[in-house]
Structures are given as structure tokens and as C-alpha cells.
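Peer 1: Going down the list, the sequences are from chains R and Y.
Each residue of the first sequence is one higher than the last, beginning at 1 in the numbering used here.
Each residue of the second sequence is one higher than the last, beginning at 1 in the numbering used here.
Please note: incorrect hints may appear among the correct ones.
A few chain Y residues that don't get close to chain R, going by computed Cβ distances all over 10 Å [what the hints assert, rightly or not]:
#: 1; residue: Leu41
#: 2; residue: Leu160
#: 3; residue: Met166
#: 4; residue: Gly172
#: 5; residue: Val177
#: 6; residue: Ala224
#: 7; residue: Asp225
#: 8; residue: Leu229
#: 9; residue: Asn254
#: 10; residue: Leu274
The calculated label-pair distances, taken between Cβ atoms and stated as ranges, are [unchecked claim]:
#: 11; chain 1: R; residue 1: Gly182; chain 2: Y; residue 2: Ala101; range: 48 to 54 Å
#: 12; chain 1: R; residue 1: Ala113; chain 2: Y; residue 2: Val183; range: 27 to 33 Å
#: 13; chain 1: Y; residue 1: Val3; chain 2: R; residue 2: Arg109; range: 50 to 56 Å
#: 14; chain 1: R; residue 1: Gln78; chain 2: Y; residue 2: Leu255; range: 49 to 55 Å
So the derived list for chain R, only partly shown, Cβ under 10 Å to chain Y, looks like this [what the hints assert, rightly or not]:
#: 15; residue: Arg70
#: 16; residue: Trp98
#: 17; residue: Asn99
#: 18; residue: Ala134
#: 19; residue: Gly137
#: 20; residue: Gln151
The set of hints was computed from the structure by calculation and includes no laboratory data.
Given the structure is predicted, the values throughout are model-derived calculations rather than measurements.
We put the beta carbon where it would ideally sit given N, CA and C, even for glycine.
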Amino acid sequence: MSKTASAIRLTDLTLGYDRHPAVHHLSGEIASGSLTAIVGPNGAGKSTLLKGIAGALSPLDGNIALAAGRRLAYLPQQAELDRSFPIHVYDLVAMGLWNSAGIFGRIGRGSAAKVEAAIAAVGLAGFERRPIGALSGGQMQRALFARLLLQDADIILLDEPFTAIDARTTADLLALVQRWHGESRTVVAVLHDIETVRRAFPHTLLLARETVAWGETADVLTPANLLKARRMVEAFDSHAAPCERDAA
Amino acid sequence: MPVFYDLFIGPFAEFDFMRRALVGIVALSVSGAPIGVFLMLRRMSLTGDAMAHAILPGAAIGYLVAGFSLPAMTLGGLAAGFAVALAAGAVARITVIKEDASLAAFYLISLALGVTIVSLRGSAVDLFHVLFGNVLALDDDVLVLLSGVATLSLLTLAALYRPLVMECVDPGFLRSVSRSGGVVHLTFLALVVLNLVAGFHALGTLLAVGLMMLPAAAARFWTADITRLILLASGFGMVAGYAGLVVSYSAGTNLPAGPAIILAAGALYLGSLLIGSQGGLLRRLLPRPHLQR
Chain R
1 MSKTASAIRL TDLTLGYDRH PAVHHLSGEI ASGSLTAIVG PNGAGKSTLL KGIAGALSPL
61 DGNIALAAGR RLAYLPQQAE LDRSFPIHVY DLVAMGLWNS AGIFGRIGRG SAAKVEAAIA
121 AVGLAGFERR PIGALSGGQM QRALFARLLL QDADIILLDE PFTAIDARTT ADLLALVQRW
181 HGESRTVVAV LHDIETVRRA FPHTLLLARE TVAWGETADV LTPANLLKAR RMVEAFDSHA
241 APCERDAA
Chain Y
1 MPVFYDLFIG PFAEFDFMRR ALVGIVALSV SGAPIGVFLM LRRMSLTGDA MAHAILPGAA
61 IGYLVAGFSL PAMTLGGLAA GFAVALAAGA VARITVIKED ASLAAFYLIS LALGVTIVSL
121 RGSAVDLFHV LFGNVLALDD DVLVLLSGVA TLSLLTLAAL YRPLVMECVD PGFLRSVSRS
181 GGVVHLTFLA LVVLNLVAGF HALGTLLAVG LMMLPAAAAR FWTADITRLI LLASGFGMVA
241 GYAGLVVSYS AGTNLPAGPA IILAAGALYL GSLLIGSQGG LLRRLLPRPH LQR
């Protein structure tokens, strides 16, 4: 597969809840090995789009095609994680081995070493035996990143991974994202902090229910585009008359 | 030490029915307590209670058809348990009523229906037997059923352990890596019903759930580790079973064995609530100064 092949291709994609679209008529592709930020105002449909790509939400219309044989990992914004459940950080991280271990597979010495290494890589060495309920918000996000590391996915989807996380943790986790990018994995992240996007993400999709701009970050994040995105979301009426099929 | 022997060992050495009761309770604890731990951790404690009641009309119909027949009452109980579990889930998904409310509705109907059906044919004694069981009258067939259910449950839990824990901790993650979540949930519910039906033969519909939930809840006050929690809950169940039988034997005919066992489990729970090392009341009421040199 060539370097410019697409990892994710969206074709006239409409996603939504209860037949009301949250994003509509989205077309485009995310190149294999690219590092893309999805930005846009609240309610622009960013999380919905990620959920759709992750396969957790079926399209109302159009389709999402992933390159064949690619493994996908998805970190939702608010994981439905039960933090009161009595297990240790080690076990939470080890869940990332599911693809190789499955229900019955043995987690041998090699895999155990991988778990330890992942925990060390996110800066949680020494926390293996802590119950997950004892972790702070930032430590929990580090643990979830360790699990992502173990998933060894080709396509990694992150929904607001740095929200409510301190600067130090953000920097550490961002370094991991850069590492994945360096390993030619495809990373797509929903982000709010425009400065982080400008600094670390080569590509950006500016979303406001539909594409406002999509391409090189510097071309996308212009004041004019950002203003346009905000106006579009404010004007959007999710109970509006059905879309005209041939409007374009 | 004749007193010690008479109190704690003699009854079991002397009487077959005491040994059988003990074996039955050990079998129930081995599989019921771990299931209780998962019910508790999934905040489904009341679901277990509701399903235990729901078994009653099925078992009662079995009784109506065939009297005190083990296969008839077991099949009836299983059928009713599965039906209510599925129906409550479906009602919650399809209508605006939440699952707990629909479970409450189903189990109240089940309980009333079951008591009515048993009363149609049987006496008050029969009704008492169905509601509270008769742990001192376990015959070979019941013991085989109890140990069979325990074995099957343990093997199934072992096989499903990983996805079951993942479904509890992070269901979204399990969905993202595997489609097994739904199957795991349904299999787990089936195990709950199976163990409640087994428990029903020894402790009756109203108390069967006690040996499932009380040891689990008590164990939670002592450990924050899922493996130890399961082992401790099983141990608590066995201890409660043994203590209940001993107390009931010493008290003569005045204290029925089934309720004595559940009371013993209740005492373990209350004791743990009071002095447990993980969030027990005393630890909370008597705060110690934070760690200092």
C-alpha cells in the first residue's frame, strides 16, 4: 500500500441520533499514517463523527470505509468506566492485550513485560498494584493511553484526550501521539485547544455539522474559517426540513 | 473437649441430614457467592432479588403438576426465571420504564401468582417449604443438582472471566474490541437464574438470594481486589452455612435451619460493616491522623 493511500474514507456520510443528523453529507479521506485533528465548536458533531468511524454508531446515510485489515482503537471522551470496580492499574492496562490474548489466550511472560513497558511509557511505573479508583484524572488518562499502546492499532481515534488534564500530562501524552505518528499509525483526535493543534497536528478537519475546511492545519485554522464554523453551528436546526437530495 | 465436640462436630458426625445440609450449602457457596460478587459490582443486587422471586410461579406450577418433584420444579423455576429476566430487559429497552421498575413490577406479580398457585393445591406447610426451603431434607438428587450447578457455574465463570470483568469495568472498551458483550451478559444472567433455582431447593425462593448477596456484600468490606473478593465471599458463605446449621441444631426445633444460615450470613455482613478494613463504619468514625513521621 502506498504512503498516500487512505486509511479512512467517508462518502456522503450522515450520522445522527433518532434520525436527526448531527453531521451530514461529509466526504473525504484521511491518509494512512497521517495525524489529523478534528476541531469545531461545541455541537459541531466531532464526537459523533469519531463514534461513527469507530463503528459505535451506524451511519444514517452514506458510508465509512476503513482500509482492509487495519486494526482500530478508540478512546471515547467519557469512557463508561466504572472506577469503583476493584481491579488494579495493571489489569486495566492489560485489557489492551485483548486482540492477542482474547478470552482464553495465556498472558505469558512476554506479554506481561509488554504491559509493564506500556505502564512505564506513560509514566505510571510503580502504580501497577494501585486500585483504579485511587487514580487522579490525569493518571487515569495515562493508564488508558497505556492500554491504547498495547492495542497496537493501525488507526487510533482519540476524543478530547487532553480535556481537564494538566499541562505536564498533556505534554507526556502528546509525545505518545507523536510517537504513534512516527510509527506511521493513523491518528485522529478531537481537540479543543487550537494552539496544540497548530503546534502538533499537520492536518485538521474543521467541522460544523459539515466540513468547513479540511487540509493542512495552517490553511484550515484561519480566523475566517473559525468564525464561519461558529456561525454555522449556531444557525443549524436539527429539526429542519429533510435535506434535499440533489441540493448540490 | 466434649463440649466443643458436641457443639461443633457431633451433629455432623451423628446425623446424615446435617452432613447433607452442609454439603449442599458448601456447593451453593462455591458458585453462588462469586455470582453474588459480580451482581454486587454491577449494581444488580436487587435484580438478583427480583429474579429469585420470579422463579416462584414457575416452581409452583411444577409443584401443581407433579407435587414435590425435583425435575418439574427445577424446570418450572428455570423457565420462569429466564422469562422474567428477558421480559424485564425487553420492557426496559422498549418502553419508558427503567429496568429496576419493570423488575419490581414483574417480581411482585410473580410472588403473588406463585403463592396463589401453591395454595391452590397445597397446605400452609407446603407453601412454607416453597418460600423458605428445607435445607435439612436434601436428598441425593438435590445434592447432585446443587453440585452439578456449582461445577457448571464455576467452569462457565472461569471461561467468561476476562470479558465479564471487562464488561463490568469498561463496557464501551469491550464493545470496541469484541462483540462478546451481549453473549457474556446473557450467559451471566443464565448463571444467576441457575444458581437461584439451585438455591431454591435448599433455602426457598425468598432466602436463596441471601447466600448469594450477603457474603459478597460482607467481603467488600475487607478487600478491594476482585480475586480475593470472590474467594472471601465463598468462604463467608461456607462459614455462614456451617454456623447457621450449628446454631439451629443447638437451638432445637425452635430455630429453622434456612433462616439461621441467612441470619449467620447477615451477622457476618453487619460485623464487616462495623469493623471492615475497607470503609467499615468504625474506621470512618474513628479517623486516625494522616501518616506522619
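Peer 1: So which of the earlier hints does this model not fit?
Peer 2: Numbers 1, 2, 3, 4, 5, 6, 7, 8, 15, 19 - these are the hints that the structure violates, sorted from lowest upward.
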